[in-house]
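**Student:** Protein chains in written order, with the numbering used here: chain A, 1 to 446; chain B, 1 to 451.
Since the hints were made in silico from the structure, they are not lab data.
Distance condition first, Cα-Cα at most 30 Å in a straight line; then the derived DSSO-like pairs of lysine-lysine: (1) B:143 to A:425; (2) B:143 to A:429; (3) B:316 to A:425; (4) B:257 to A:425; (5) A:429 to B:320; (6) B:316 to B:143; (7) B:143 to B:320.
To be clear about the criterion: a stretch of chain A counts as covered by chain B if any three or more of its residues have a C-beta under 8 Å from a C-beta of chain B, and this derived list gives those stretches: (8) 151-161; (9) 180-189; (10) 409-422.
Simulated restraints on C-beta separations: (11) A:436 to B:137: 20 to 26 Å; (12) A:433 to B:365: 33 to 39 Å; (13) B:35 to A:74: 33 to 39 Å; (14) B:444 to A:428: 39 to 45 Å; (15) B:365 to A:297: 34 to 40 Å; (16) B:192 to A:390: 55 to 61 Å.
All residues carry an ideal CB built from backbone N, CA and C; glycine is no exception.
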Amino acid sequence: MSEALPAYLALGVLAVQALAFTLQGGSILMGRPLSEVATGRLLRGTYSLAFMLALASSIAFVTSGRDQVVLNLGELRLLDSYEFHAVLLLDGLALPFLLLATLLCGVVAIFSEKYLHRESGFHRFFLLLCLFGFGDTLTILAGSIETLYAAWETLGLTSALLIGFFHERAGPVQNGFYAFVVYRFSDLCLSLATVSIYHLAKTGDFTSFLGHAAWPNHQTTLSPQGASLVGFLILLAAMGKAGQLPFSGWLRRAMEGPTPSTAIFYGALSVHAGAFLLLRCSSLLDASSALAAATTCIGLLTAFWSRAVGVTQTDVKCGLAYASLTQVGLIFAEIGLGLRIFPVVHIVAHALIRSIQFLRAPSLLHEMHELHSAVGGRPVQKSAYRGWMSKARNYRMAADLFYLEILVERLVASPFMAFCQFLQKLDSKTLDLLVGPETDEAEPRV
Amino acid sequence: MFESTLHLSLLFGAATVCLLANWLARREASAFLLALLLGFLALLTNSQVGDGLVTFSLRGREIFYLDPLNLWLLPYTVLIHLVVLLCAPRAEMTPAWIRNLLLGLLADLMLFSLRDPLWIAFAWIFTHLGLALSLAPVFADGKERRFRRILLLYLGGGCLALVGGILLLPWRLEFALPAITLGIVLRKALVPFHPWLPVLFERAPLGQVIAFCAPQVGAYVTVRLLAPRASEALLVTLGAFALVTALHGACLAFGQKSFRGVYAGLFMGQTSLVFAGLQCLTLPSLVGGLTVWLSGGLSLTGLGLCVWALLARRGKMDLKVYHGGYERSPVLATCFLIFGLASCGFPGTLGFIAQDLLLQGTTLEYPTIGVLTAVVTALNGTTVMRTYFLLFCGSSRNYAASQSLRPREKMAMLVLLAILLGFGLRPASLLGSRLEAGSRILMSRHRLGLP
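This is chain A alone, in the form it adopts within the complex (with noise of 0.2 Å):
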């Protein structure tokens, strides 16, 4: 027991979210939401708890001298052949992340509470708060890929409902189905990795197929040609949840979720999952040089393109996600380049004054304006467009993202939508030869 001592702790961090996920949406379901000052006392509480609890669970470790702590909570196992393992897993590389999570869920809590106060959707974004930091919290704490693939979803869910928070209006339901259908593109990938593994190695466990050592010392125990696509599932996956290239059109669309969520989904944890799927996974980067080299490759686009991109913004929100995604290109070109412990404080740094930045987003612009009223005019500022950026075309071309959702639209989405609409005429048609074609004057049912 006191080995495990710092996991039920971690456990306790699930188990306090998931109360408060439940008690949120079963007085919604039965039709009777709580107060708004019922719903404030109560993430409070639960956020402090889990902060508290994963604090507790830190030291525990710490004191502990143990380099990690597996938690079995139940294995589901049918024969030899097919078995659902749900564990957990706390070592150097989920602590941080625990604590981090935990801190910011907690903080945006609080801030939403005043933020969001007589909103319509009050309900709903802490209800889904809720059900995002349970997942992100498991995507943490998960010990083997099925686990953090139940997560995985989650996560994907909570962010498309978020963004298409403010749904009386069409655009940002428009973008959050955007998001939603690259994020389950991402779940596909890790779903299709999550078999792949299951074959190669006979178990999900990351201590078994990932290797036995601690992070960041372990050596995968598939072979090289499995780990490289296990990887290259895994990196699609990654690429897919941390927006990177060429799946980084969403990001924007992403905006136009209320500023809490898009502090800590955006500017914190979600945006940096992908990075800690591959850090959780590395000893797969270390197995294939060639999978290192094209993280390293595509989080360096990335970062060059976020950057060519972020300037044309005149959104401060726009602009912030376009820095954020910089950043995420640049953790996943450490990630690729073999290092370990910087990502990891990289991304704490970022995710900590990322979230501050968006959440003093609004306030600031108020101040900007007051400011500006105070002293008679915008102060003159050296334009940002210098070298390459300052010829017309070329900042055409980084307004409009380099034509990628152009050619996302053109290569992809046009021609499925035309191809699901084939299928619907070849049906009609098949039924007018079989049967004659509709001429009763008879209206569908409704």
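Once you've looked at the hints, dock chain B against the given chain A.
**Tutor:** Chain B only, in chain A's frame:
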């Protein structure tokens, strides 16, 4: 003895109430179905059927039979009919409607209690009766001649093929099994024999359609008649049809402009995955297929109830514009999203475990099937989200009718949700029974010397 008596009493009770259906109102019919459900649950929890138990035979010929496969299917079917009854709009609630629903239930219960091919053929035809009677008024005014021709062609053809195949079974197995397969393919609406299903979902009363399609009698006949006898090649062919159907259904649903059409596509896509599991003939894939049968059936029933409730409140809707109205019906919107995602294997629901089993089981033998299954699931999840956004988001319109759910509708949906979430968190008992059923399919093949 206990099992036989209870099983026969429940079937006899169902038949008696069908005869009295014309005098029943919703309340009495619901009470009866609830009692029936509790009876089958008692049978499920207390019976020891082991290797199978003949509960009724006539002149040495076995008629009713219980084993781990159908022990779960009986309460599952009653539950589907009960929630359909609870959620039916008051405008559709006529004695004839209740009678047709109960007739359909009786036919499904009988079919799920049978193992003998001849009796199965009889019950198979009987399962169409409820739908046929409920469509009779639709056809009566002569406006839906094309619709009638479509159903006659596909469902009538399916009946002929299946009955013909079963009659040939003792004499010419090489003709009988393909004919039975054709019957199943027609009834399950597998590509290329699928175009009737979207038309049925578009034009028939939705409650009857859910009750007709959700129990998935085609899958039962596959397990009883095909899986123990068919060659691997025939099963692989059926699986290939099913996979193409799953992809086709997913694409159809994604590109749909019609609300009912999306539901039809999702139904077609997700339920045909059952066959992808059944054809691989490995234990995990069989268990996966059998679990997707139950999880998909329940979650798609829930989704169908949400669709029905929404249609009853808002009338005909297309998916070209955003309809809004989340604030006026948050519970309905939440249920729609959860049922939709549960049908595509969202974590925490039974669908997640079922899809995971199916994915791992099929990839074991045929990696392509595993990849396609994952693609279909991902695509259907995207469709559910798109439909949710279109139906409940955007600027709110002024609908005349109240948008909130009635208590009986809410209760039905919450019960389904509780079952999906409950088994999602503790699936061991359900999977244990699916494992037994899967093992018995493999054992019966081994007994006949089939791979």
